[in-house]
Amino acid sequence: QVQLVESGGGLVQPGGSLRLSCAASGSISSFNAMGWYRQAPGKQRESVASMTRGGITNYADSVTGRFTISRDNAKNTMYLQMNSLSPEDTAVYYCFAVSLLNTFWGQGTQVTVSS
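Take the sequence shown: its position 42, counted from the start at 1, is 442 in my numbering, and no numbers get skipped.
Bear in mind the hints are in silico, worked out from the structure with no lab data behind them.
One thing to keep in mind: the hints can contain errors.
What the hints assert, rightly or not - Beta-carbon label-pair distances, calculated as ranges:
1) N432 x L411: 28 to 36 Å
2) P441 x N473: 30 to 38 Å
3) N473 x L501: 31 to 39 Å
4) Q510 x T468: 15 to 23 Å
5) T503 x G454: 15 to 23 Å
6) G442 x L500: 14 to 22 Å
Small disclaimer: the values here were computed from a predicted structure and weren't measured.
For every residue, glycine included, the Cβ atom is placed at its ideal position computed from N, Cα and C.
Throw the hints in and build the complete structure from the sequences for me.
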(Lines of atoms letter the chains of each structure in order from A and count residues from 1; the text may use other names and numbers.)
(Lines give C-alpha, C1' and ligand atoms only; values in the text may rest on other atoms or scores of the structure.)
Protein backbone atom coordinates (compact mmCIF):
# COMPACT_ATOMS: atom_id res chain seq x y z
CA GLN A 1 0.00 0.00 0.00
CA VAL A 2 1.45 3.33 -1.08
CA GLN A 3 1.41 6.20 1.37
CA LEU A 4 1.51 9.83 0.30
CA VAL A 5 2.48 12.54 2.76
CA GLU A 6 2.02 16.22 1.95
CA SER A 7 3.98 19.01 3.55
CA GLY A 8 4.75 22.67 2.99
CA GLY A 9 1.38 24.22 3.67
CA GLY A 10 0.90 27.17 5.96
CA LEU A 11 -0.12 30.79 6.23
CA VAL A 12 1.12 33.19 3.56
CA GLN A 13 0.27 36.75 2.62
CA PRO A 14 -1.39 37.57 -0.70
CA GLY A 15 1.20 37.67 -3.43
CA GLY A 16 3.43 35.25 -1.61
CA SER A 17 4.68 31.80 -2.53
CA LEU A 18 4.65 28.30 -1.10
CA ARG A 19 6.01 24.98 -2.28
CA LEU A 20 4.06 21.88 -1.40
CA SER A 21 5.72 18.48 -1.33
CA CYS A 22 4.16 15.06 -1.67
CA ALA A 23 6.46 12.27 -0.53
CA ALA A 24 5.60 8.72 -1.54
CA SER A 25 6.50 5.60 0.42
CA GLY A 26 7.57 3.88 -2.77
CA SER A 27 8.77 4.61 -6.25
CA ILE A 28 6.75 7.25 -8.07
CA SER A 29 8.19 6.43 -11.48
CA SER A 30 5.65 3.65 -11.93
CA PHE A 31 2.59 5.82 -11.42
CA ASN A 32 0.56 6.63 -14.52
CA ALA A 33 -0.14 10.08 -13.17
CA MET A 34 0.25 12.23 -10.10
CA GLY A 35 -1.24 15.54 -9.16
CA TRP A 36 -2.94 17.87 -6.76
CA TYR A 37 -6.51 18.62 -5.82
CA ARG A 38 -7.75 21.23 -3.39
CA GLN A 39 -10.90 21.76 -1.39
CA ALA A 40 -11.93 25.11 -0.02
CA PRO A 41 -14.47 25.44 2.80
CA GLY A 42 -17.98 24.88 1.51
CA LYS A 43 -16.78 23.97 -1.98
CA GLN A 44 -16.24 20.78 -3.92
CA ARG A 45 -12.80 19.32 -4.36
CA GLU A 46 -11.25 20.59 -7.58
CA SER A 47 -8.31 19.55 -9.68
CA VAL A 48 -5.35 21.91 -9.52
CA ALA A 49 -2.57 20.27 -11.51
CA SER A 50 -1.48 16.89 -12.76
CA MET A 51 1.43 15.25 -14.49
CA THR A 52 1.54 12.03 -16.46
CA ARG A 53 4.35 9.51 -16.23
CA GLY A 54 5.59 10.92 -19.52
CA GLY A 55 5.76 14.41 -18.09
CA ILE A 56 2.67 15.93 -19.67
CA THR A 57 1.22 18.54 -17.34
CA ASN A 58 -2.25 19.96 -16.96
CA TYR A 59 -3.41 22.91 -14.88
CA ALA A 60 -6.68 24.41 -13.82
CA ASP A 61 -7.35 27.71 -15.55
CA SER A 62 -7.34 29.48 -12.21
CA VAL A 63 -3.72 28.52 -11.48
CA THR A 64 -2.15 28.50 -14.94
CA GLY A 65 0.89 30.71 -15.00
CA ARG A 66 1.13 30.80 -11.22
CA PHE A 67 1.52 27.16 -10.16
CA THR A 68 4.05 24.62 -11.39
CA ILE A 69 3.95 20.89 -10.83
CA SER A 70 7.14 18.88 -10.85
CA ARG A 71 8.60 15.67 -9.51
CA ASP A 72 11.91 14.19 -8.45
CA ASN A 73 11.87 10.46 -9.11
CA ALA A 74 15.10 9.95 -7.18
CA LYS A 75 13.45 11.38 -4.06
CA ASN A 76 10.04 9.84 -4.77
CA THR A 77 8.57 13.28 -4.27
CA MET A 78 6.22 15.50 -6.22
CA TYR A 79 6.04 19.26 -5.80
CA LEU A 80 3.63 22.10 -6.38
CA GLN A 81 5.26 25.50 -6.58
CA MET A 82 2.63 28.15 -5.94
CA ASN A 83 3.36 31.79 -6.73
CA SER A 84 1.27 34.96 -6.64
CA LEU A 85 -1.07 33.40 -4.14
CA SER A 86 -4.44 35.00 -3.49
CA PRO A 87 -7.08 34.41 -0.81
CA GLU A 88 -9.01 32.37 -3.38
CA ASP A 89 -6.24 29.78 -3.21
CA THR A 90 -7.02 29.07 0.43
CA ALA A 91 -7.88 25.39 0.71
CA VAL A 92 -6.71 22.00 1.85
CA TYR A 93 -4.42 20.62 -0.83
CA TYR A 94 -4.32 16.88 -1.47
CA CYS A 95 -1.88 14.98 -3.61
CA PHE A 96 -2.85 11.85 -5.47
CA ALA A 97 -1.15 9.13 -7.46
CA VAL A 98 -2.69 6.79 -10.01
CA SER A 99 -1.38 3.31 -10.54
CA LEU A 100 -2.72 0.61 -12.82
CA LEU A 101 -5.26 -0.57 -10.26
CA ASN A 102 -5.55 2.10 -7.59
CA THR A 103 -5.63 5.77 -6.81
CA PHE A 104 -3.83 6.85 -3.67
CA TRP A 105 -4.42 10.04 -1.69
CA GLY A 106 -2.50 12.00 0.87
CA GLN A 107 -4.02 13.35 4.05
CA GLY A 108 -3.96 16.97 2.90
CA THR A 109 -2.11 20.11 3.88
CA GLN A 110 -3.75 23.43 4.70
CA VAL A 111 -2.86 26.51 2.69
CA THR A 112 -4.19 29.81 3.99
CA VAL A 113 -3.64 33.04 2.09
CA SER A 114 -4.46 36.03 4.24
CA SER A 115 -3.06 39.36 5.28
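| request: State the violated hints by number, sorted upward, taking the hints as numbered earlier in the document. | output: 3, 6
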